[in-house]
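Engineer: Letter by letter, the chains look like this.
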Amino acid sequence: MKFIDLAREKAIWAGGLVVFLLLTFFPFTATKGMALALLKQGDFSHSIWNQLGELPLLNLLLLLLLLITILGLLNLGKRLRGKLLFALSLSGALLFTIQFVLLTPEIKLGMGSFILFFSFLLFLARSLSRLGLIRGDAFVSGSILSIAALLVIFIIYPLLVILTKSFIVERAFKPANIFTVLIAYPSTWRIMKNSLLMASTVGVFSTAIGLAFALVIERSRFRFKRFLHGFSLLPIITPPFVIGLAIIFMFGRMGFFTNKVLGIRSSFIFGYPGIVLAQTLCFAPIAFLILSGVIHSMDTALEEASYTLGANRWRSFRTIIWPLMRPGIANAFLLSVIESLADFANPILLGGDFDVLATSIYLAIIGRYDEVLAASLGIVLLSVTLTTFVVQRYWVGKRSYVTITGKPSRFATLPLPKGLDYSLVGFTLLWAALTIALYGSVFLGGFVKLWGINNTFTLMHYKRFLSDGFGSYITTLQLAAISAPLTAVLGLLIAYLVSRYRFFGRQPFEFTSMLSFAIPGTVIGIGYVMAFNTAPLVFTGTAAILVICFVFRNMPVGIRSGMAALQQIDPALEEASITLGASNLRTFSKVVLPLIRPAILSGLIFSFVRAMTAISAVIFLVTARTKLATTVILGRIEAGKLGLATAYCTILIITMAAAIVLMNIIVKRMVKTGKMHVSGEEMEAVKI
Amino acid sequence: MSNDKMETSELKLENISKRFGKVTAIDQVSLDIPHGKLITLLGPSGCGKTTILRIIAGLEIPTSGHVFLGGEDITELPPNERKISMVFQSYALFPHMNVYENIAYGLRVMHWPEQKIRETVRESLKMAGMGGLEKRGPSELSGGQQQRVAVTRSLVLQPKVLLFDEPLSNLDAKLRKRMRGEIRNLQRDLGITSVYVTHDQSEALAISDQIVVMANAVISQVGGPTELYKKPANSFVADFIGEANIVEAELVGIEGGKARVKVGPFKLSVHYRQEPDKGSRVKLMIRPEDIHIDPTVKKGLRGVVKYAMYEGATNDYTVETEVGELSISDYKSEGGFCERGTEVFLSFREENVFLIN
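Chains as they are written, first to last, in this note's numbering: chain A, 1 to 688; chain B, 1 to 357.
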């Protein structure tokens, strides 16, 4: 073992040479907005070597890179080289930022410039780990720095662009401008009132219904409660517009229930009642998932203690179960509120005159092409959801009594008080029946000529789908399939870094990575349009921006499931691997990854499905060449072709259900053949 | 191995401090660990012993101070480049690998040829008395077998130092005794420098060449097992290693390297570590087994039995006397079992009473 002796460092000089090589082949600046353009055959006119004359600072950057390469070839002590490398790479990264963000923001950056910037970052990471400033080796510090850079570019930067659109008028910083804009727009007050009214109603209803289901499934005597569990799966694989379409089919002007049963013709459902019904159907299952987790992990010994102390069932429920559940209830409520505010599909379909923030932003961009108004409304929406998010995460989160390490005694679940039990079962069955009727109507709607008017059986919508939707279906599948593994890996890596390493800036790092959960899709969408339509970073119009958007929007899901899985793994396993001589990268791939395979799979499923069903953000980013399923469906609905839209939705649901079943089979087989060790809880995590 | 090498310290800690935020886990600890010896870090939970172990392993970087291995500064060397192996409290056997793959893990990291790995693993498993269990998963092994796999997995790498983090705390009492014998023999046979963390003082006494007693982030005393038991440096060590009665006494004088003290009705001549100041009150350490109890003699220190417990091999008592409550382990029980409330008379085994400054 060599410890202090002087040596060359291959990773540095070889790395430097590779970067020089890549810079030669990849275009340094972008043409026609193709930021990710790869090699252009035989055309090196955009490589860095042809740009040197135009940008003096580029010479300096290349000199720094050369010095770093030479540094790897010199025989130096580790510490000295670490310090030199730190100085060189840090100044490289800073100079790059100064040059292209501050001095020449009008230059469109190409693949080569990304390579140059990230190579500086990775050299910096290596020096940080050499100097012991980030615990762990270059893999860890490199991941942290690269992910941090990506978070800044794809989450912080678009938000900043939105802010500047609204706060900066003719190059002067005027934060009051947002109020001027909002006051000048006549509907502002109405929109805000509508949004808050909608979100709070939906929050209350979703939580109540989620709670009813959670209590029944966890604590009821009802024998067939398993059947109700499937309820939790439906909204996940439901594309946007499905519930909206179903509500139109059931309760609209020609609706089955309103027209055929009640015999009325009315559009009352469009507006507040329709949106609230649709969103409650969509988000109650999310509240259910949270609350059933809370009830499931509640120690029944507490209740038993209450009985032995002389309290009856009802009193125990009131004084023990209920107070313990309260933080979970607050959690479910706030998350439903966030989802409701961010929801775009239901209000656009069922809103009628009842416009809310999410749809107004869309209309401001698409209808009026008023970026400043869109940005200002976006800021309002963002501040409401962010506040809710912060409250949920830091206030309610800390008040939770349920600990993850707590071992619930699962010998017997204590049933609910009888009266409560029967009424809850009755209610949940009714709600389940409504859900089934709605989904059924969507299914049937694809097979009739014109719902409510001409109910003859036909396959014409599915035939039409082959010519009018199949292309976008394939595109969607491809993009979802590309983005799902990226999302899952990135999410897991972040979860691993955040839960296993202490480093400077860990908390903002974690907060930012979870932030995109709280940013409504429409806001991210206009942020991306405004940020990546102009130099220095141009991505719009490409499929890449859709993938990037999917990855960064769905990342929190991967992070959550990764965190949950990592909590089950003894950190000593990783330490054992490291003390046995393995690098952090080897430890991650040979020990951590195999052990959290269920989490990877559930992360994959979720991000795949979420990419398939995304609408609010991508609606701003699609082009004629990159049409997505959801945007096509919206287009068909707007054109009045409800049958086609319905058929398309059905095909999407079947696709996603098939994907989930397939993944579950893979997981089960892996467990059976002993390739995977999972606890019951992890299995649960995979199932949902 | 030359005598010279025996003397050199293999592992050396120099003024190590570690702070986690405002909490000081280790405060200016220095330690020399000689080649081929087994050193135990002993102390109550939270005293910093595990943190020292983790700093040696490289899993923590000290806030200040240096770690030397064979004369070289390894303070900032990553753990995977240190040639130091660790046996974890939970064993940390990889649950998704069988016994063979667990033991081969470190060898594969070193890119050994698979053929050589196979021979080495088979050989070492045979030595550990576990031949034929290669294909078993960790969950299919008993606690003792898991322990052996964990030790073997570390040993096949021929580390310069082997670290044990409370390796026996998950085993039942009987197995614990057996395994500590196994570990001790293995360590002696291989002559491997070892650092062993435990909070179990009997384990420390049984297994160590040297014991480092720690309290509140600092070292209280370093010494061999006998020395610590018989001549503790302070009342913390006296109380932590075995059971001890700490009794106040009056110093009468110093005579022939011994202190003459007065305690209750007795005048004793006792050993000390540092010469006490004249005329001061001093503390004596008296082990429970060094107190003779007799209900009949009617002479010596009079007391009344407060708690009486039959423990099989011994009768244990707590007796109230004029010098305070005393714990007593009566091995011979010549006077029979004394019930609660019995009036008894005590005498001390003078040569084992030790003066603590």
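It is possible that some hints are incorrect.
What the hints assert, rightly or not - Quick list of in silico lysine-lysine cross-link-like pairs, DSSO-like style, CA-CA up to 30 Å: (1) A:K10 with B:K332; (2) B:K306 with A:K590; (3) A:K590 with B:K126; (4) A:K78 with B:K83; (5) B:K116 with A:K590; (6) B:K262 with A:K10; (7) B:K332 with B:K299; (8) B:K262 with A:K78; (9) B:K230 with B:K126; (10) B:K12 with A:K78; (11) B:K262 with B:K230.
Read the hints as simulated data drawn from the structure, not as lab findings.
Engineer: List, from low to high, the hint numbers that the structure doesn't satisfy.
Structural biologist: Numbers 1, 2, 6, 8 and 9, in rising order.
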